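K.L.:
Chains Z and P are the protein sequences, given in the same order.
Residues 104 to 448 in this note's numbering are what the first sequence lists, from first letter to last.
Residues 663 to 794 in this note's numbering are what the second sequence lists, from first letter to last.
Careful: at least some of the hints might be erroneous.
Stated by the list, open to error - Cut-off 20 Å, straight-line C-alpha distance, at most; resulting in silico cross-link-like pairs (DMTMM-like, lysine to aspartate or glutamate):
#, chain 1, residue 1, chain 2, residue 2
1, Z, LYS329, P, GLU716
2, Z, LYS329, P, GLU711
3, Z, LYS329, P, ASP768
4, Z, LYS329, P, GLU723
No lab work stands behind these hints, which were simulated from the structure alone.
Just so you know, these numbers come straight off a predicted model, no measurement behind them.
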Amino acid sequence: MAFSLMAALGIGILAWALAALGLEMFVGFILPLTAFLVFLGGMIWRVTTWARVPVPFSIATTAGQQKSLPWIKPSHIDSPSTKIGVAARMGLEVLLFRSLFRNTAAQTINDEGGPKLVYWSSKWLWVFSLLFHYCFLMVFIRHFRFFLEPVPFFITWAEDLDGLMQIGVPRLYMSGAILLVAALFLLLRRLRDPKLRYISLPADYFPLFLVIGVALSGIMMRYWFKTDIASVKELIMGLVTLSPSIPEGVRGSVGGMFYTHIALVSALLIYLPFSKLAHSAGLLFSPTRNMPTNTREVRHVNPWNPPKKYRTYAEYEDDFRDAMAEAGLPLEKEPAPGLHEETAQ
Amino acid sequence: MYNARYIIPGIILFVVIFTVPFWINICTPEYSRPELVLPAEKDCIEPVEYMRAEHMRILNEWRDAALRDGKRVYIATDGRQWDINLQNTCMSCHTDKVAFCDTCHDTNSVTPYCWDCHIEPQTAPAAGGAKQ
Ligand code: HEC
Ligand code: HEC
Ligand code: HEC
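Using the sequences and the accompanying hints, generate a full structural model.
P.N.:
Dropping the structure here:
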């Protein structure tokens, strides 16, 4: 954990220092563009690697009755047998994290009979994950004010909704604050529970520290160490038109917090395809979620099986029909009539 | 590759969505920082770099100072004194709200709700302290 923390902090401080030393062009232009290309390329690589892996068995997990006899009521979403059902299950998984909703926690409680193991439904992880992801989405959408000119109406809507409470000036955007709180919950969850802490690796902490760093530096920039937003827009519009410029308002250490933010976001983009964060695409590739539960209707053939050499019963009968007829064995297809009469006589 | 007929369109969609800002901006006229109509006076109440980044903080502090502490005079860092007043101080110099505040706010998608109550200067600075 300490290592991940140092890594995330290091990236942020290094970016500030580089900008202060006059390397704004590197931190503000070359780094984010490279990060973006690595992200795009990395995601394509990741997805095509997954797409080349065969699925040997039909391993759809079921959480409901499979479609079978007409008088048994099937569960259309939890055990879908049609493509529409699979799409519904996947859609709800993506939008509402349905399988996380079933999360349980194990706990030992002491009653008169001594310690007892109980499992109970635990929704905290689900609630905070949902908050985390939706607030992240909101923050992501809001940032498009820097990338587009004129700013489309729905971004203004998102901002008005997000700043609905009109707390302070500039208005507090709720999504930013909730994002930070939810990310801190996800971090504390790992630290608080000894079992979870034991199985947590640097790869679990690092993305959390990156996200917390991104959120913190963004919030700092909006409410405390203010940055000249008009200059930031100029810089970013230069970035997306590939005509680099470092406006005066974000030169050197004045824009320190901005470069810290950019560097952390770039690190997140570079890291994303090669880490657990690729679950964003991986979810769609989960056989347990994307396969229909139609094992009784459709035979799933393992695609890596070598082609089989086999002989059907019909072919066997063709070869031995006359002899079988002579022996009086039952046949699927009777021998040609002429032949049959001959043998019968 | 398995399921290529789902995955290839998926990848294309992903790349298109994420590169949209590049395509849109390369196809539209180049962006330049909006030209603001500046007042005839030489200086703002604080240095201009500070104003660009922090003017909303000043307004917030002014509001609290005036309405919570009853303090209606602001002493700037260079020692000049200003009446704490959004309409009659800021807007007496920045008379053209549309060509100044709004030009910059629109391109950065900022929509202050202050003008729901405070009165926007018309063409000339509004006389008196009419509020609400
Ligand atoms: C150089 C560009 C620029 C000019 C000129 C400008 N502003 Fe702003 N203003 C901004 C930016 C950018 C923000 C939003 C900061 C952020 O999003 O963190 C802002 C935010 C604000 C806010 C807070 C909005 C909120 O969301 O709560 C107020 C109030 C405000 N400005 C008032 C004014 C007034 C009044 C004027 C004219 C006298 C003015 N501004 C001129 C750039 C400008
Ligand atoms: C004495 C007249 C005067 C008053 C009062 C005044 N300003 Fe200014 N303001 C100016 C001038 C002049 C400039 C341009 C300074 C420059 O470019 O060097 C300016 C610049 C600015 C800028 C930066 C614009 C840019 O170039 O990007 C902002 C933002 C701003 N003022 C907001 C405000 C706000 C908010 C108030 C009220 C709290 C206010 N001003 C009060 C005269 C004034
Ligand atoms: C609900 C209506 C309303 C809204 C919205 C509003 N104000 Fe005010 N504001 C008032 C009233 C009423 C006063 C009191 C006037 C007085 O007593 O001088 C006031 C006073 C102020 C003052 C102090 C003195 C003065 O006359 O200017 C400032 C500064 C101020 N408001 C800034 C803001 C800013 C900045 C915003 C937007 C972020 C804002 N206000 C939004 C109603 C409002």
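K.L.:
Could you check the structure against the hints above and give me the numbers of any it violates, in ascending order?
P.N.:
Nothing - there is no hint that the structure violates, so all of them hold.
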